[in-house]
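*Asks:* In case you want the letters, here they are:
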Amino acid sequence: MKETLLLTKHMRENPEDSHLIDIYEKNNGYNAARKVLKENNPGEVIEEIKDSNIRGRGGAGFPTGVKWGFLAEDQERYLVINGDESEPGTFKDRILLERDPHQLIEGIIVTSFASNISKAFIYIRGEYAKPARRVQDAIEQAYEKGYLGKNIFDSGKNLDVVVHLGAGAYICGEETALLNSLEGRRGEPRLKPPYFPAVKGLYNKPTLVNNVETISSVPWIINNSGKDYAKLGVEGSTGTRIFSLSGHVNNPGNFEIEMGSSFGEFIDTFGKGIKENKSVKAYIPGGASAPWFKGSQLDIKMTIDDVADAKSMLGSGAVVVMDQDTNLVLAAKSIVSFFAHESCGQCTPCREGTTWLEMILDRIASGRGRTSDIDLLLDVCDNISPGLSWPPKMTTICPLGPSAVSPITSLMGSFRDEVESLLPKKVLINNE
Amino acid sequence: MTWDTKLIEKANEIIELYPQKRSALGPLLYLAQEKEGYIDDDSVVEISKLIGITEVQVRSVASFYTMYKQEPTGQYLLSVCKSISCEINNSRELINNIKEFTGLANNETDEDKTFTFEEVECIGACGGAPAVQVNYETVEGVTPTKALELCKYLKEEVPKVIVADELQEKFGGVKSFDWGIEDNSGTSSTAPGFQIIGTAEEK
Amino acid sequence: MSENIKFTVDGKELEGQSGELLIEACEKSGIHIPRFCWHKRLEPVGMCRMCLVEVETPRGKALVPSCTTEITEDLVVDTESEIVTKAQEGILEFLLINHPLDCPVCDKAGECPLQDQTMAYGPGESRFVEEKRHFEKPIPISEVILLDRERCILCARCTRFSDEISGDPLIEFIQRGNKTEVNTFPNEPFRSYFSGNTVQICPVGALTSTSYRFKARPWDLKKVSSTCNCCSVGCSIELNTSQNKMLRILGEDNEFTNQGWLSDKGRYNFDFLHSENRVLNILNKSEDSFNEISIAEATVKIKDKINELDNPNIKFLIGSHSTNEEYFVINEVANYLNKDKFLSRDSSNVYFSDDLLFNGYFDDEYSKAKLEDLDSSETIVVWCEDIKDNLPILYLRIKKAVKNGAKLIVFGHTNTAIAGLADFYFGKGIVSNKFDLIVNPSEIEDLKNNTQGKKVTVIAGKSTVFQKKESLDKLINYLNESSELKVFNSFSKGNTFGALQNIDEVKGLNEFCNEFDNDAKNIVFTVGVNPVNSSHFAQPIKEILISSDFVVSMDLFINETTELADLILPTTSLGEKEGTITNMEMRVMKQNKILPAPGSTLSEWEYLTAILNILGGDVQYRNENEINSFLVKEYKDQQQVATFDNLNKPSNLFGVINRKEININTKDLHEDTFSLLMVRRLYGDSSTQINSPSISMLGAERFIELNSETAKKFGIKSQFGNLVQGSNSILINIDINEFLPDGLVVAPINRRGFENVDPSKEFEITEAKNREELSVN
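Line order of the protein sequences matches chains B, G and W. The opening position of the first sequence corresponds to residue 26 in our numbering, with each subsequent residue numbered one higher. The opening position of the second sequence corresponds to residue -18 in our numbering, with each subsequent residue numbered one higher. The opening position of the third sequence corresponds to residue 0 in our numbering, with each subsequent residue numbered one higher.
Quick caveat, the hints were computed from the structure, so don't treat them as lab data. Hints should not be assumed to be uniformly reliable.
Cut-off 30 Å, straight-line C-alpha distance, at most; resulting in silico cross-link-like pairs (DSS-like, lysine-lysine) [stated by the list, open to error]:
#1 W:K402 - B:K225
#2 G:K80 - G:K30
#3 B:K418 - W:K398
#4 G:K2 - W:K398
#5 G:K156 - B:K297
#6 B:K170 - G:K2
#7 B:K63 - B:K170
#8 W:K433 - W:K760
#9 W:K433 - B:K225
Source: prediction; values computed, not measured.
For reference, chain B alone in the conformation it holds in the complex (with noise of 0.2 Å):
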């Protein structure tokens, strides 16, 4: 098993200065834009997008050609690039961002010509501000050159990009949170419907926002083919994907490869197995809001239908591995404290929510919990998402309240021993 650099290749090849224009230009960059602007229609990038058959990289996995289709017909449309990267175990886009923002402008270039749009922006978490400054300093260099601005490469296009920095939400990764936030307002997620991207989004008007790993792999389509990119990875997971490896492993990281290996081997190949030669006890296969494997599960393919066959979801491509020696109810209430303190607040079930588990979970870590606990646990679950389904059913706008679920859901489905020895003995009593 090894790596199919596409998104990684500039970078790894130009270790000390892949983030600078020139640089990027020797290396092809930058001919993608130029050749889709002189030689295109916008239907016919759209297409080729299409052929790829790309999937959104931040999460729900959305066709990406498919949702560029749906922008709806305005004068006025904005491309948001979601670069609001939190979901705990993942930092792909940060390499992304931080060693090759050519890549990514030069995605917008193509992405806003292929959709009639003339302003972007990149809308970066506040904690990636190192990230952040090369994205500004390349996208300088990209005014420079006449690549952004006015007539961009003498196609008579205009194009705008604005980084904005958020300032700590980790709701703003859900993408109408992410514009109520790049409207100077509350991260809170809008209802849907009526405000669909596609149609009411930014300032009410269509607005396409996609993952900056999704809009960094489109000039590689472009330069290649949609039809080439669809050849790697496997059916309903083509091209390839960063992904973030970190937990227990001996060799965290961030690595590209065609989907359709297993967990195990992933591990195993780049993870250079478990810290300490221990064993895996349990493992997240996409992200804080995806239900755990079991260590005994590292036969599961890594592909978006194959892990959700499983009954968990690839999401953000971060893989977090737990030796057996982790305390699975501390890690279960690290991930619950973390959707507490990032619920919006806005739904009752998920503002009240999610703090009461994290109450309940804490109890019973600190040894002071009850037999009745897990019952309580499950049923506030319950509560928060109905029949404790996958793929979840939710009595929220959003599906932060139920991601907060799904470490309880995994522990008690898997483990639940361990959250048994916490509690009291159930002591039988003989009433007769």
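Once you've looked at the hints, dock chains G and W against the given chain B.
*Replies:* Coordinates of chains G and W only, in the frame set by chain B:
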């Protein structure tokens, strides 16, 4: 403190970047964060005038986001990640060490305004867990011992500009990925260093 | 256009309109879905999740909020499935885990949606053993409102109201997630003319009114529907009393008028009813003091006085707080005294106390506007006194219309408060500082483009007593010729239109002063008016009353006007009398009685019939209903007359529109110079307001407005100063308002200290050094 002409000019430049004034609210709040170390009431009033919304609307937005501080901060904001990858890689011990060194509990600032300490959720450095940010400059693979050294360094050397690469070299360990590019940029306030808000600084 | 569609709820087939929200469509068919955040006058947000129902989708059943889901053809809905009931119970448990158990001392208890829905849909017990969320209880967020954040369930009704409806978002969500709270900004209280509405729509006891706090249990309240008489919009209200005390006024949702909302003046201006300062016995002046006499003695005294003075001039100075029935009787008495009894005069002798009264646009050539016309207008044109201050709920309707796409055109200089809302604000260069239209309306391109051939509603009236009618005529006649125009005459005071409808001829205060004959014998009746306090004519009227031979005042209080009377007849007020009133649309609505008349007070009509009888008239009205049966005969439309019976029919609870002849006879003021624009503010120093403790301080601030250029000319740099005119000096706050033209200074007419300011004379503004000087003095 009210804003001087220079700052208002800067604010208006930022407002110009957006189709609607209100979008500039976030960056404008960072201007206040840089200037005062937190979002003080006077800045809220200034911002509300600049973008034409009420003071409480500004406060409502500011208080939603954790990076806009509602209390004055110290010169160095120490943010230690406690999310899953860091949690299982012993961020607790690191947190305890910093607490002990600074004498601060979560979200506290010391009296001489040197440190503000906070436990934070995922900062996207999971491969380099446990990770710390100083004024939003990331240091990865920080051991509990190195964390103490980092604090000592800040306290004793009092560097003006915080640069991730420098701290990483001195106090960091395993990284999320090869940082590659040499970088001297950073920030000198508790607002993230970023060109548009004028907080990016070279060492 | 919406069309009829069929959908199924709980196995029953229902009909609704396309575009309708599921929660509303169900409600119409008698299926109640519980809810907290949804309110039919606010944009849905789907936040509380209480109204979740199951709908069938191509991918199976899904839980959706019924407040954000529009009905569609063949939609299948389950509101009672196991999963729905479980979800509802779950939501209530979540809401209750942090809700304090202080129901016994909560004003809302007994009429609390959270209590009621917990009873109906909630869990029987709590499984929450942790510490509840704590906040300081309660904190004042304005003079009239307290906030208890522990009780708040974060439904965003108050924040949405203040943002969407009233447009003064001073209350907002602060923090996020589980720490979210509602609050105001420090030193920026929730000072809105409409803040009380948030108390009414709060589904828990988080927002409470200072005036009602701890006053009653809801189940002890006696309630009756009525109509507010604070301005001429005529909002539908519910009066709540207990033990013969008015405790609360709520807005009723009248689709045609207030749509549930009230101004805080309308809501909180009632404590005066029980003020110890209220006059409860007939007072007769002898020497310099008043002594109590009986009604029999009083009527004899009036009769004797009329006879003794031998054919005196008898004039009526009337106000806007009487009912139509009372105006009808005033008219009868006035006619009797002038024409029938003495046969010496044929001119009218009734004067209406409103500085801004003019002849109006009542002829048949002008179509009369209704409030609902604003919703369908393409353009709304405003040129009149300050709407937000004088017709607050009309302001909300205009704001709503603008939100829905109507263009708003505002002519200066009094409506600067809505200038920000306007598409076009025509101030300096179009309207002179003397309120002449300097430009021919047909030459104002933006006006032309937005009115010609379009549906236009104009709200027209004098902006100042100095304004010439001709300037308004120019605009209104232009619009009337070039557009589909409907006209509101913006007479803003209480039941002005009732007075105009029921009195044969109405004149103004200018006429009252001009027609007064000092050489003759004079008797003046004042009926519920206090022009000596806040009118441009205050000084001459005061002199007239002093020099009159006999003055009879019917009123609630001893005030600047009634203290000059020889006889004070204490009258009844809101909730103490029954009758009809007519709003600015000519909608006739019912006022109902729920309180006994206190002390020896009588209603105006009772005094007037007694006087009429003792003078030889033979009218015997036994009650308001009888008077009403006479007055309705003159309504133009006899199909739908506004009798008490008719108005009590469910179909007419919102009032009925009916017109009568209107005859106003006023002339423009001749004075040409004026230097100060005196305007009426919502809150002021009326006897009722200063005797209502919860709002008495709201009218205390003294201030002027001018633009920065004018401020410079006066050499003012600070926010504080003195308005100096002769020996009169008032300490003032100085507010900069850039919508004002150069040279124009605006001051309130109904604030303490301004009663002696003469707007036609020169004045100075000097700087005060600081706020301390302001408060010390």
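*Asks:* Please work out if K402 (chain W) and K225 (chain B) have their alpha carbons no farther apart than 30 Å.
*Replies:* 17 Å, holds
*Asks:* Taking 30 Å as the top limit, are the C-alpha atoms of K63 (chain B) and K170 (chain B) close enough?
*Replies:* Holds: K63 (chain B) and K170 (chain B) sit about 17 Å apart, inside 30 Å.
*Asks:* Taking 30 Å as the top limit, are the C-alpha atoms of K433 (chain W) and K760 (chain W) close enough?
*Replies:* With Cα atoms ~14 Å apart, K433 (chain W) and K760 (chain W) stay inside 30 Å; holds.
*Asks:* If you draw a straight line from the CA of K433 (chain W) to the CA of K225 (chain B), is it 30 Å or shorter?
*Replies:* Measuring from Cα to Cα gives roughly 47 Å; hence the hint is violated.
*Asks:* Does K418 (chain B) pair with K398 (chain W) here, judged by a C-alpha cut-off of 30 Å?
*Replies:* 40 Å, violated
*Asks:* Run the distance test for K156 (chain G) versus K297 (chain B): straight-line Cα separation, threshold 30 Å.
*Replies:* Given pair K156 (chain G), K297 (chain B) holds - Cα atoms ~15 Å apart, limit 30 Å.
*Asks:* Holds or violated: K170 (chain B) with K2 (chain G), Cα cutoff 30 Å?
*Replies:* Holds: K170 (chain B) and K2 (chain G) sit about 29 Å apart, inside 30 Å.
*Asks:* Does K398 (chain W) sit within 30 Å of K2 (chain G), going by the straight-line distance between their CA atoms?
*Replies:* 22 Å, holds
*Asks:* Is K80 (chain G) close enough to K30 (chain G), meaning Cα to Cα at most 30 Å?
*Replies:* Measuring from Cα to Cα gives roughly 40 Å; hence the hint is violated.
In summary, the structure is inconsistent with hints 2, 3, 9 from the numbered list given earlier, while agreeing with the others.
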